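Please build the complex by placing chain B on the supplied structure of chain D, with the hints as guidance.
Number of protein chains: 2
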Amino acid sequence: MTIELYSFAQSGNAYKVANYLNVAGIPWTEHFVDFFNGGARTPEYRSINPMGEVPAMVDGDVTLSQSGAMLEYLIDKHGHFATADADKYEVLRWVLWDNHKFSSFVGPCRFMMNFLPEEKRSADVIGYLSSRVKMSLDILNTHLEGRKWIVGETATSADFSCCSYLFYDEPFGMDRSKYPHIEAWLENIRQMPNWKHPYDLMQGHPL
Amino acid sequence: MTIELYSFAQSGNAYKVANYLNVAGIPWTEHFVDFFNGGARTPEYRSINPMGEVPAMVDGDVTLSQSGAMLEYLIDKHGHFATADADKYEVLRWVLWDNHKFSSFVGPCRFMMNFLPEEKRSADVIGYLSSRVKMSLDILNTHLEGRKWIVGETATSADFSCCSYLFYDEPFGMDRSKYPHIEAWLENIRQMPNWKHPYDLMQGHPL
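Quick mapping for you: the protein sequence lines, in order, are chains D and B. Quick note: the first sequence uses my numbering, first residue 1, plus one each step. Quick note: the second sequence uses my numbering, first residue 1, plus one each step.
Be aware that a few hints might be false.
Identical chains blur together in the list; that is why a pair holds if it fits in one copy or across any two.
Calculated cross-link-like contacts (lysine-lysine; reagent style BS3-like; alpha-carbon spacing at most 27 Å) [said to hold, decoys possible]:
hint: 1; residue 1: Lys88; residue 2: Lys77
hint: 2; residue 1: Lys148; residue 2: Lys88
hint: 3; residue 1: Lys134; residue 2: Lys120
hint: 4; residue 1: Lys134; residue 2: Lys178
Think of the hints as simulated: they come from the structure by calculation, not from any bench. Everything numeric in this text was worked out from a predicted model, so none of it was measured.
Excised from the complex, chain D in its bound form:
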């Protein structure tokens, strides 16, 4: 039985897990969720994830949402990109930071700027979310100066979590010329064997 990932290509949170599974070479099956047309709100989908979140992952008896929990589960089970014991809390701290302060603003900002119908967009909200995105980009760029990976000497779940939304080309308030250390780090991830862009890895909504 392979791991089943409920996803769509536009979801950076889904890409955190799909990217990990792909470069780690762990077999998985993709289930496209028609998120933009209510596919996460159907009774069928709610029976997998009552919160209506994408991604969701099913591995035999285990069903999870939240990409950070999936990454920890997969790393515990398969061992690829495992964290050194000494780095445990530092890696967790960055995964939480990503969910709390970074992807939580990049994701909604990109959604409103690109996928929400124009009449539902708010300049105030985009301005607010963009300012949070920029603060977090500054923190990440400063941290990555002189580092190849976020924590320690190898890639960890912190890298898979924090990088994910940054591979998308749609605008989300990031002027890439201002973040050279982030760009160098993204290139380290692109150089992983078999790495794929999210739109080449998962089925998505038409662009």
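Okay, now just chain B, sitting in the frame of chain D:
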């Protein structure tokens, strides 16, 4: 050497850790951060936490930010409110959900509605954040129906994380009459020995 927590009473993220330390009976020292007047942006504070986050925690050689990482560290070290092995990913999933989908919107919404000068508030942004808060309150309330705690039969870091902002009395877009299962669960937490309201537990900005 006791644990040092850099905090201020208005910070729900600080309260996640302070509440845990207090009800677990673990000795700790409080350092007030004058957050509203730039206290998290000083060079001194940045030497403890370069991200400028509150809370930060120092325990001997270990310095952490992100309340979820602190809770995991403290539970690993002290054992109070430890998670059963079978519940590991489920507890992590809820801590991540809190950081990703709940506190990340409750905190900024409450800040803008109550602590930001009126001329800097945006009705559009408050409306946006409130709508995210309400979606998450619905998810949590539904989950808590028939449950005493979020995961399993005892309180875990999932409870300490998710409950924190909900003990504040300032408005943040929650009509408490609509969430009876949340209110019953908060009462379970209030009944813990030695439980204290955040404003009775930490030094804060004058209200």
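Results for each hint:
1. Taking the shortest Cα distances, Lys88 and Lys77 sit within 27 Å of each other both inside one copy (16 Å) and across copies (13 Å).
2. For a Cα distance limit of 27 Å, the shortest separation of Lys148 from Lys88 inside one copy, 18 Å, qualifies, whereas the shortest one across copies, 30 Å, does not.
3. When the C-alpha separation of Lys134 and Lys120 is checked against a cutoff of 27 Å, the pair qualifies both within a copy, at 23 Å, and between copies, at 19 Å.
4. Proximity of Lys134 to Lys178 under the C-alpha cut-off of 27 Å is restricted to the intra-copy arrangement: shortest distance 10 Å within a copy versus 36 Å between copies.
Hint check: no violations occur; every hint is consistent with the structure.
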